[in-house]
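Note that the protein sequences, when read in sequence, are chains A and B.
Residues 1 to 286 in our numbering are what the first sequence spells out, letter by letter.
Residues 1 to 293 in our numbering are what the second sequence spells out, letter by letter.
Heads up, some of the hints might be wrong.
Derived contacts from chain B toward chain A, CB cut-off under 10 Å, selection only [what the hints assert, rightly or not]:
id: 1; residue: Leu19
id: 2; residue: Arg45
id: 3; residue: Thr60
id: 4; residue: Leu108
id: 5; residue: Leu125
id: 6; residue: Gln139
id: 7; residue: Ser271
id: 8; residue: Phe286
It is worth saying that the hints were derived from the structure and are not from the lab.
Since we're looking at a predicted model, the values are computed, not measured.
Glycine included, every Cβ here is placed at the ideal spot set by N, Cα and C.
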Amino acid sequence: MIPSLPSPRWLKATTLLYLGGFLLFLFLPLVTVGVFAFNDAEYPAPPWHGFTLDWFLGNEASGRVGLFRDEELLGSLWTSFVVACWVTVLSVAIGTLNAFLMERGRFRGREALSLLMLVPLVVPGVILGISILAFASRIAELVNDLAGLELEFLRPGLPLVVLGQFSYIAAIATVTISARLKRFDRTLEEAALNLGASRAAVLRTITLPYLRPAMIGSAAIAFLMSFENFNTTLMLVGSDAPLTIMMYGRMREGATPVLNAVSLFLMVASALLALTLMRRGERRDA
Amino acid sequence: MTGAAAPRLQARLMLGLMLAPPLLWLFALIVLPHVDLAVLSFRERLGPGEYGRSLEQYRTFFGEPLYWHVFVRTAVMSAIATLLTLLMAFPVAWTIAKLARGRLGALLLVVCLLPFWVSETVRTLGWMILLRESGVLPQLLYHLGLTAAPVELLYHDATILVGLVYTSLLFMVVPLVNSFESLDNSLIEAAYDLGASGFAILREIVIPHAKPGITAGCIVVFMLTLGNYLTPNLLGGKNSQWFTEQIYTQFITRFNWEQGAAFGFLLLALSTAMVWLGLKLSGQRFGDVMRRA
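Next up, chain B with everything else stripped away, as it sits in the complex (with noise of 0.2 Å):
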């Protein structure tokens, strides 16, 4: 070994060990279980402990309506959901970027973060509470006479929605007020001064401005309402069905993991051709949008 090569080689050694953790976590934990998740999910058990390639799976999963009304209606309702989160953040997030200033601000952006420091089993516990016959709401509207009877407030659609904009709501403020703090004030000024109207100013400074903050938020509250299983289980009860909860009979109850494989991997293809869809949409990068995020 030459005198030259020696730290070279020593480099690189430190280098691979480096790597090796990270490689592993990536490989052991994330890679490498797909690839089992994939190969698990076309595959069809013959007999006891023999097993052949198919699509039988697939084949279920499209040939029962069953499971793929409720992956049509997951799809749907964390859609809207979504929506219904950009909506409501959007005037608090503008507030707080723009309206509020300085310690106000802050102070507000950070009340409004509190809630999401409690677990969501303890803020669905809350929603329960208050929406369930026995509970606060509906006993309030019956005192005053609002309804003839205490009504079930839980177990709607529209309580899930509830639930699932409740727990999504930080992660579209933050996006969204660190992406209405670097647009320029006097760029609004300008264009109030040149006659815009105030929607005139929203469409074409606002939203343009504010898009790789909009696309960051709704990604990440689409995937995570996709992937939420809490809160459509115990606020919408039997009426919920939600596609997490057909991976998990099929996986835990039912011991199917070939069929609970191939859901997983519905799951994930659809979240994924959203994450995808809303990068092209805007024209983004995955790696910005994620460390945004």
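One chain only, chain A, in its complex shape (with noise of 0.2 Å):
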């Protein structure tokens, strides 16, 4: 049970095989996906052929078009990347403001809006998709109708991907924040404006400092959740097709271990992220 408790041997041993098993089934899948991005064969399955880096560096000429020469994965890499980076800006700022507005604002209706901001957060990402794409259709074929201008933005593609997964992914920025600022002493604002302090210096100097950890965490979990996300970029998404779902496009026709090379390459990079990020807190607690 705890450690204060004596606790029959067998237990212990359970305990300690169950975690081993839970850990195992846990990096099997990952690290099988690693394994066979260098295995020399034309399909990612064993047996094992020998070590090969042409799933990353092989051309046209050696018959293995590799990741960095993979004109179409890497196309989609970089339409992830831009659209992480709109939703993580869009999001950061909103939840940001959101926070100020929940922890300080004075205004009737605050409680029911703050419910209301965490609704996207329990409706399913295809419903949202959805709904979204079909209200933007409406009002494109409405100004159509009206004023004969076509809003080529309100049809599926990427900025409605952005704006499908800014919808929830500015809840969560919105939590995180609003729960540090929840946190924050105000006599630290009050000693500033005493000394004489404008409202803007007090913002600047203390209170956004103070979020900042915050305010960079909720970026780190917008950035991952909108390069990750594909139940409402699935439903919005054009010609331009980000990472997951050119992915996904591939692994239904069954793919080459190209796949594998791309997915070690996101695994290293979500790992030095991480690793950064933890750094970044170590060295706060210090």
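Make one complex out of these two single chains by using the hints.
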């Protein structure tokens, strides 16, 4: 049960065994993906044919198009990156604004509004996608009928993908940043104001620096969630496919190990991002 | 304008300016699209460009066994996946919160969260390579002599469940760890000293204390599972029969938006009902649970 109570040996052994099994379950799929990125075969399947870097570096001449030569895959990686940047900037900006409104604002309907801000978190992503798709198309048609204008950005495509992902990632940023602002000691602001600082100066030199860790944290989460989003994106995507959609399409066709290569690339990138953030966190605690 | 009114007006203007972006976000991207979706679902196409109000889309759903079978199946499978996730995550969360001390616990938590930094697509690719007929596990079983020929491990209901549980673990482990950590060890010690068995401690102390965390985890996992598309689709193949696939088919493949909207609303209703039920059963409030999760 807990360390201070005696526990039978079999329970300790079972706990360890279970934990080992659990970790194996967690990491087996990821390790498999990584290992088969280097297999010298046309399909990511056993047996092992020897080590190769073809799936990273291969070009048309070798008959295998590696990750760094696969224009289509690189293009979708770039698309995902651009979309994620937009979603991150928008989400953190509105999340910060919402945090101030919810923690500091005095207006009627504040409680209701703060509950409404949590609603996007309980709407399945597919439904967010179709509702935005249908709504945007109806507006586009209406504008077309009334004014004869064709609003391209309301048709399936990257602008709608950004809006669709933003619609719920903004809620996550709001919750994260609000939680930190709630713990803020307001006497710090009052002291600065008493000492003659302007409101803008207080915001810039005291409140925002205090919020920075939450803003950076939610930026990382927003970027990651956007990069990984599938459900909402699937419904709103046009001709430029972000990486998850591209990979999904190829996985259904039976893909070559180039997908393992791009997956390994993503894993390394995520691990670096995670490590950087944890480093920052530890330095702050120290 | 008097001197006192000017600052007040300015403050109101400021508030209005600050309120504009969140209101735009919530109404333009959440509220109005859902209202529009509801309107769309109660509409029937009578002829080219001609529509009438009707319940036809919902009638089709209940009249066509395929549709509501898939709906019920999705709900049941999601419930099973949620339960399995809870059972799997419980001991791990307990170990992290209570048994592993200090840095070891923190390290273990980080290790458990690590796989969720890569996308679901990558994780699903891993399971496909492991489980398909020519994949790692069937070949291993075959070469060990356990099966006469390589067996196809993909495209079963169990495969879908494995994939769903795998994807959901994070959302269960984190709230459980949080609620176990706030449980005072001395309560358990007292119960033990008074002669309570391990099972009694679990039932009388641990579970009541962790109820908010369990509820939060179950709600989030059920909702995500219900709305999942990728995992059932890739791991279940043609046999997956997940309701989100029906929505996709109606909306994107058949371009029957009225029918798709009705399906979307039914899924949303089920998801909302389950969230509500979970909150009722555990006597909690929506805002608290979501902030905790």
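Do the hints match the structure? See the list:
1. Leu19: Constraint on Leu19/B satisfied, holds at 7 Å.
2. Arg45: 14 Å, violated
3. Thr60: Not OK, violated: Thr60/B not within 10 Å of chain A, min 17 Å.
4. Leu108: 8 Å, holds
5. Leu125: The hint holds - Leu125/B has a Cβ within 10 Å of chain A, the shortest such distance being about 6 Å.
6. Gln139: 5 Å, holds
7. Ser271: Constraint on Ser271/B satisfied, holds at 6 Å.
8. Phe286: 7 Å, holds
When the structure is compared with the earlier hints, violations turn up for hints 2, 3 and for no others.
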